[in-house]
Amino acid sequence: MSANIRPSGVFDTSYAQDIALNRTRFDRLLANGLFVLLLLIPLLTLEGPFGLNILPQLWIGTIMRIAIFVIAVQGLNILVGYTGQISLGHAAFMAVGAYSSAIMARHLGMSFWLALPLSALFTGAVGLIFGLPSLRVKGFYLVMATLAAQFIIPWLLRYPLEPLTNGSRPLDVPAPTLFGLSFASTGAMYYIIIPLSVFLCLAARNITRTRVGRAFVSIRDNDLAAELLGINVFAYKLQAFFLSALYAGIAGCLMAFDTNNITLDSFLLDSSITMLAMLVIGGAGYPLGPLFGVAFVNLLTQNIIPALVVPVRDFVPRVLPFINTVNLYAALSPLLFGLALMVFLIVAPRGLAHRWEIFKIAWKIRPFSH
Amino acid sequence: MRKVFLALLLLAALAVPAFAQDETLPDFIEHTACEVDLTGETVTVYHFGDISGSYAFITQPLLAGLSDAIAYYNARGGVCGATLASDNRDTGGDLAQTQAHYDYYSTLEDEPDLIVLYASGDAELLSSQMAEDEIPGLISAGSVAGLYGEDGATPGWIYASNPLYSDQIGSFCRYVGANADQFPDPVVGYISWPGAFGEAAYTDETVSYCAAQGVTVLETPEYFPPTATDITTNVQNLVDAGANILYTNSLASGPALVAATVALLGLDDDVQVAGVNWALDTSVGLLGRSSLGSDGLPAVNGLVGSLPFYWWTETDQPGIGLIREQAAANERALSMQNIAYLLGWGLVDTYVELYAVAVNEVGSLDAVDGAVMKGVIENLSYSPLGLYSFDYNGGETRALPGNRIARMLFLNADGTGPATSGEDAMTVPLADGTTAYIPILVPLTEFEPAPDLRPGGADVPAGS
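Going down the list, the protein sequences come from chains A and B. Counting in my numbering, the first sequence runs from 508 upward without gaps. Counting in my numbering, the second sequence runs from -18 upward without gaps.
By construction, these hints were calculated from the structure, which means they are not laboratory data. Idealized CB from N, CA, C, for every residue including glycine. Please note that a few of the clues may not be correct.
Footprint (simulated), chain B over chain A, 3 or more residues, beta carbon under 8 Å [to be verified]:
no. : segment
1   : 566 to 573
2   : 647 to 659
3   : 767 to 773
4   : 806 to 818
Short derived list, chain B residues pointing at chain A, Cβ under 8 Å [unchecked claim]:
no. : residue
5   : GLY34
6   : GLU105
7   : LEU273
8   : ASP276
9   : GLY277
Start from the sequences and build out the full structure, keeping to the hints where you can.
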């Protein structure tokens, strides 16, 4: 959790101040300023209403993808980071959110605004079902139980529910509308995804300040002790699974309405593993962990690795002539991803968010180093 | 003396490109005459696909084909004087990467007029986005959903040079139905990779069309991942259900594994292996070299499938002759001499023609955009290097229908025809110590339109 450090001369005078999301006026100004800045980004691109070309248009899609995954990983953070449970079925829960919202919109004629909360609640309910084994098992065995979700859910969507989901073929999703205004144009979904992502991140952070959040943390730290203190461990574990799946459902729904097209190939086991890795790299149990993790993995897979392919392809045959460079990208991508994960587990097991906290503390107590 | 030598050298250096520019295309390539000089400009072939994943056996030769063809055409004036270039991006088979690369291209300040795709899954993912962004795409072959939308009735902005996968299995059923003496009581078991590509040919329409041709398609398709090494159970399930033909919509290792498993089970005399156009490829012949059938030839010997363009062995076609000559000049290995290398050449030749027509129409390269290019694609009637016929019927179709059925065999030791046994076959030692047999494709039919098996298509039996 974030350290309770204030700049010199700043004191809390009430409990409310102590647990406030933004403890100082500067924090509040900074947070609001960043949010406004984020909302301004589309206006500064070529396809914005003013046709400005200050920022590349590519940023819009990238930021939206990051925001969607931040929501999903934030859900995983509630389950893994705060409650100490684990899930390898998170991508499957995203699929539930994506497909249920698409079906509601297509077959029941629901608007996006109704399909979003309903699909989220439905996904939460599905999460509850797969959370049931947490009553009996934990650790490695719970991983296996949640892994079942990653096999059962896609199978259900692909075969028995094929008339509704199109099976392995893509499913078209209509663009959201609001008072006759369509969100079909490029980047229009930005103004749905970004505010929702910020809101859900704040909500996830807020959970830690509530009775429920404290119960989650107590279960994570020592479930036996929590039970002895009168905490209904099973009920809270189920709540964590519900909330985690609910976040995944929202992310899946946003993904479906953003791309207007969904296929099961986007929700396979490797996505679940990637999201877990994002959380580990970003910092499990830190509100900012998902943001750091998703941004880092995106940077790694979409910028760093492709940039490395060409020099490595030129260099490798000179030192290792038996290596087949044709498959270099396919080999390099999981290799470097795995390596990054390993490095983080060894060097910074608490993730980038923890490093960020250390940096913030150092900044706040400057010029004193201790 | 030294100065004279240097001056001569300089002169030669200047003269070589000038002479190279003077090289002309052979007469059989009849591009539209350029009315606008584009010298100094660049036409880029924007391409992204799975270059390093399970499609690499196909996409690496495609890159080789693109590179050789671009060099060849640039040496002969490029596109009305403009230089051809290529920008290839690797998705590794990951849809997230596909989206990222597409976002990159579609947000370029100078938005591409045309994009080249490779995978059906990519086409399905991007179909609506490309229509929205008004960027046309060229793809080799595709699924109904990728080219005609989810309902199969909404033509998109992606155009395939091969028939739809569903139409290809239709062609195969038509052939089987018409050759009952070779295929008595045909029962097809569908065995493929899971996903957009692998499952694209198994539809209600194809099942009912095949039934109308007297070919039963089992209602229990089997799917195996591209990484699978043992599919005995899948094959056995289909054979137990009555299949005497196994049809696969996979490529490279997929058809090779199906044929190897059939041979392993001792069923090669009872079960015919068949597949999509990618199954009839050099890669399948080479990958299948270690699994031999009862005749001592690779188990893929005799594989039947679609061949919607001319093949390497059809040297009476001048386009094939040119490509063979260039592959030899560029020292392309046997593994590169496959479908995708041919299609790479066909693609570059198509680009030259498309841009020549488009620029003539709008007056400059800058004025060419996606909408202009879409119009040109839909109204062009052209045969890229004579490999296939590029004609989308004024925009009515999104996949070229011309198709024929062919059989994969292996060259005999004399190089005069197909081998009848392992002892009779021509073999080539490979660098890894193994021996390769030389695959050849023998057409069994003439070119004819594949049946239209889109939902509501002209050849879909009534009531299905």
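Here is what the structure says about each hint:
Against chain B, the segment 566 to 573 of chain A contributes 4 residues with a C-beta closer than 8 Å to a partner C-beta. That satisfies the three-residue criterion, and the hint holds. Figure legend: the segment 647 to 659 of chain A, annotated as covered by chain B; annotation inconsistent (0 residues with Cβ-Cβ distances under 8 Å, at least 3 required). For a cut-off of 8 Å, the count of residues in the segment 767 to 773 of chain A with a CB near a CB of chain B stands at 5, and the three-residue condition holds. With 4 residues bearing a CB less than 8 Å from a CB of chain B, the segment 806 to 818 of chain A meets the requirement of three and the coverage assertion stands.
For the restraint placing B/GLY34 at the interface with chain A, the shortest Cβ-Cβ distance is roughly 5 Å, inside the 8 Å limit, so the hint holds. Restraint check, B/GLU105 versus chain A: the minimum CB separation of about 4 Å is within 8 Å; hint holds. For B/LEU273, the shortest C-beta to C-beta distance to chain A is roughly 25 Å, which exceeds 8 Å, and the interface hint is violated. Taking 8 Å as the C-beta contact cut-off toward chain A, the hint placing B/ASP276 at the interface is violated, the least distance being around 31 Å.
Because the beta carbon of B/GLY277 sits about 29 Å from the nearest beta carbon in chain A, more than 8 Å, this interface hint is broken.
Hints 2, 7, 8, 9 from the list above are not met by this structure, while the remaining hints are.
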